[in-house]
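Full structure from sequences and hints, please.
Taken in order, these protein sequences are the chains called G and U.
For the first sequence, the positions run 291 to 717 when the numbering used here is used.
For the second sequence, the positions run 35 to 576 when the numbering used here is used.
Simulated from the structure, these hints should not be mistaken for laboratory data.
Check the hints yourself; a few may be wrong.
Stated by the list, open to error - Quick list of in silico lysine-lysine cross-link-like pairs, DSSO-like style, CA-CA up to 27 Å:
no., chain 1, residue 1, chain 2, residue 2
1, G, K704, U, K435
2, G, K364, U, K326
3, G, K374, G, K397
4, U, K326, G, K630
5, U, K517, G, K493
6, G, K592, G, K374
7, U, K517, G, K630
8, U, K128, G, K512
9, G, K493, U, K507
10, G, K493, U, K550
11, U, K435, G, K512
12, U, K183, U, K469
13, U, K128, U, K186
14, G, K512, U, K138
15, U, K507, U, K550
16, G, K588, G, K630
17, U, K435, U, K425
18, U, K299, G, K424
19, U, K469, U, K507
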Amino acid sequence: MPAFRNPSCLHLRLGADGGVSRRSFLQLSGAALAGSGLLGPISLHADELKKQGRSCILVWLGGGPSQMETWDPKPGTSNGGETKAIETAVSGVQIAQYWPKIAQGLKNWAVIRSMTNREGSHERATYQLHTGRKPTGALKFPNIGSVVAEQLGDRQAELPNFVSVGETIGSGFLGVHSQPFVVQRPGALPENIAGTVSPEQLKRRLAQLTDQDAGFAAAGAKQLVDEQRGLYAQGARMMLSPKLKAFQLDDEPAKTRDEYGRSGFGQGLLVARRLVEAGVPFVEVHRGGWDNHVSVFKSVEKLAAEVDQGLAALSNDLVARGLLQRNLVVCMGEFGRTPKVNPRAGRDHWPKTFSVLLAGAGIRGGRVIGKTTSDGMDVDADPVSVEDLFQTLCRAIGLDPSTELTSPSGRPLKIVDGGQIVTGLFS
Amino acid sequence: MPHSSSPALLKPAMNSRRRNWPWSRWTAVASIAGLVWLGLGLPGGWRPSVAIVVAAGPKLPDMSTPQAKLKALEYFRQQGPWKTIKHTGALTSKDVDKSLEYEKKLPDDRYAPLSDDASFMRRASFDLTGRPPAAPDLLAFVADASKDKRAKLIDRLLETDEFALRWAHFWRTVMFYNTPVAANRLDYGAFEDWLADMFKRHAGWDQITAAILAAEGKKKEVGPDNFILACENQPTLLASETARVFMGVSIQCAECHHHPFDRWKREQFHELAAFFAPGKYYMPDLQHPEEKTEMSARFLLGENPPPNLKADARRVAVAAYLVYNPNNYWFARAYVNRIWSELLGDGFYAVDSLGPDGDVSHKLVVNRMAYVFRNQQFDARWPFRLIMNTKAYQRQIRAPKSSDELFTAVRPSRLRPDQVAKALERIVGGDKLAKDVERIFAVDPSVPLADVEGAIQQSLFLMNNPALQAAIKNGPLTQRLSKISSPERLVDDLYLDVLARGPTAAERRRSLEYLKTVPNRAEAVSDLVWVLVNSTEFISRR
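See the structure below:
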């Protein structure tokens, strides 16, 4: 972030080849500018972004969904297997047969078919696709959700700045303030949130607690105490907040709940929409089961029924509420699957080619970025690395990827190290 | 996540390793001593001059039943290094302190002072039994004038059933925290019961490890079978988990690619995986899934098992190579480092993801401990006794600011979930919250304690959980305290019962004041209990 911040302007940073050319535009509409996509990376002031209410919903398909059974089918080839392709609302673009609703609404969605990476272990790739970094040594890089929470969230907010429906990668060196708040049962109020004493009594207790902890901090545990104080402050704010009802679905019409699908995943997406609507900048929703070493066609067909419905309902709902311009939706997993079908009708881990689906926040719907060879073994055009993807996510959310985060040892680390924005998604 | 730092550090470390390590001298002796059939003690390629011993022809012991397998392993144990070499074996806690000081040569004032008796007892009780000391025991310990009372306490706690139960639970979480297998396909209870029983019977860590690796891996009701079940009986997962848990090294990256700074190559990973395969094992080609290379089993230091071994007997061989090859110092060191890391708050290296040896801090100290641990026949209690009697363990808390300050104080850290649950038992009078606490406070026990963070859910639980709040309002502790008529005694007991120490002057003053200002005595007492239960100290190791 520039040292000479002026909250009334936007700072534009022109592409890497343009050197340090930073200009200020007074009173420019950030959204219009971001949407115009004519310029390089755009970094808005965090304050400005907070006002805009940018947000992101990450739909995580854990296990590594097969690109050939999702957004990059290869019908009629030996590698393509049983999967057929279907036409979509975008002429000339086909996706796998299991996704009729996404096909119908593809004008909202863009696809990257040329993702490429080298990490083929679940754990390490999951880390990488959540943080933008390869796992290295002791330094734990934060989940991108934590970075967004830290950069765009309000520490004094009543709701957590990062909510995850299902366990996920943590906030790493960013610490407890941007730790994901994990919801296990979407639709229900988080457990232990209801107070059992009057607000006055709680206040009295908390005052005593502050004094009690001060002594322990002085005895050598300052870091632990600071963490706990932060957690208790967050907890207390949440307990007393009327916004808590964003976690509950009681006041959602039955019709809407049906549209998202009555699965945990579908209802989780609906909760995600309610949360971003209530001002939470980052929500992650998990759906595992994509590690299809065996019977990939049957497995994807079953999973897709649920995810197709949920994703389509989410994008329609966001459009209807005017939220899609400012909310990014990303749907991905940790890697793709082997183009060649294995003897068990499954596909194994394959980071070399995979696909990502995106919508909103200035992403041009209907776009298809890159392509793979006809056998699916290689990227044929416009390879997109994990760093490129993260540059792109930052751009859509409005973060400056060169913003430096500080590691515990004081080392400055850019939000994204290397990579280039996939400009074709915005123009 | 073990990707290493400097290649420059690596070379000298690797070159000097064998020279520094006293076990390598022993290799020839061992092979003659009867480990012939596995060629054990003959790291492939290292000592071709003694390969003649293998040529003598392996005679395989019977390994048709689990019992027979364990018997075979027991046979190797009988030939263990502690039987065949003259070693000085002795290593005292004072020696450890001296070597730690020698390592960094810091002035005395950089070391934290020793903690008082009450803090020591709380720390030792939590560590060994998972539970804070009861108030009467604490008072008796503090009043005890004998000089060796700390050593005696350690000895006593090491022999409790709770020690066996706690550390069985700990190792269960170490082994299964990240398993891809659903919890209902495993039997954690059976595993913990079995392991606790092994600890109670003073089984060596070598025997425990051997039993786990040589297990049938078929029925979850059979305790030791669960490790293999948790690895889905998959050769690659068994290979990486065996190396991770029992050697403290991370080789899983080598499944897919070479690592520039790592000792283990991709072929070695798959040779190890081949040990665990029921039949032939092929290394996959990531680019071309149909082109595979057949790999024959070979342990990490190059040991080849006889070619005619059956699949389950090959796992016995893994166990033997892992545990009884005197050149495999990783095995003993991984255990010592785990325990040290739990007890001091920092390890000599990341407990399960060591890359090159250059990443080991205070290498001479930990290597020496590992060496003597082996000569102590892998007595699982020995490292506890050694470490807990050091000044290093008995110092006051302070978070180290740099690596120079490692082990000059004990790192304050979050209690493990089982410890939080047991601390709460005092408040609620029973273990009904244990399950919730284990879930909400769950943390991967292989993450360095320095990196373990809390979560809002934990503070919400302590603030609001209905069962806990009911206990704080009117549970056994609150009731007992409310009946004490002297406010001073009430406050003393409150701190003793909840925080395992008396109040400081400031705390006493503040609490007495609070009792005065809140007219309803029962409500005031419950407030004070709530405050201490929610204090950072309550959930901390100090």
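The hints, checked one at a time:
no., hint, in the structure
1, G/K704 with U/K435, "holds (24 Å)"
2, G/K364 with U/K326, "holds (25 Å)"
3, G/K374 with G/K397, "holds (21 Å)"
4, U/K326 with G/K630, "holds (14 Å)"
5, U/K517 with G/K493, "holds (26 Å)"
6, G/K592 with G/K374, "holds (15 Å)"
7, U/K517 with G/K630, "violated (75 Å)"
8, U/K128 with G/K512, "violated (30 Å)"
9, G/K493 with U/K507, "holds (16 Å)"
10, G/K493 with U/K550, "holds (17 Å)"
11, U/K435 with G/K512, "holds (12 Å)"
12, U/K183 with U/K469, "violated (35 Å)"
13, U/K128 with U/K186, "holds (16 Å)"
14, G/K512 with U/K138, "holds (25 Å)"
15, U/K507 with U/K550, "holds (18 Å)"
16, G/K588 with G/K630, "holds (16 Å)"
17, U/K435 with U/K425, "holds (19 Å)"
18, U/K299 with G/K424, "holds (19 Å)"
19, U/K469 with U/K507, "holds (21 Å)"
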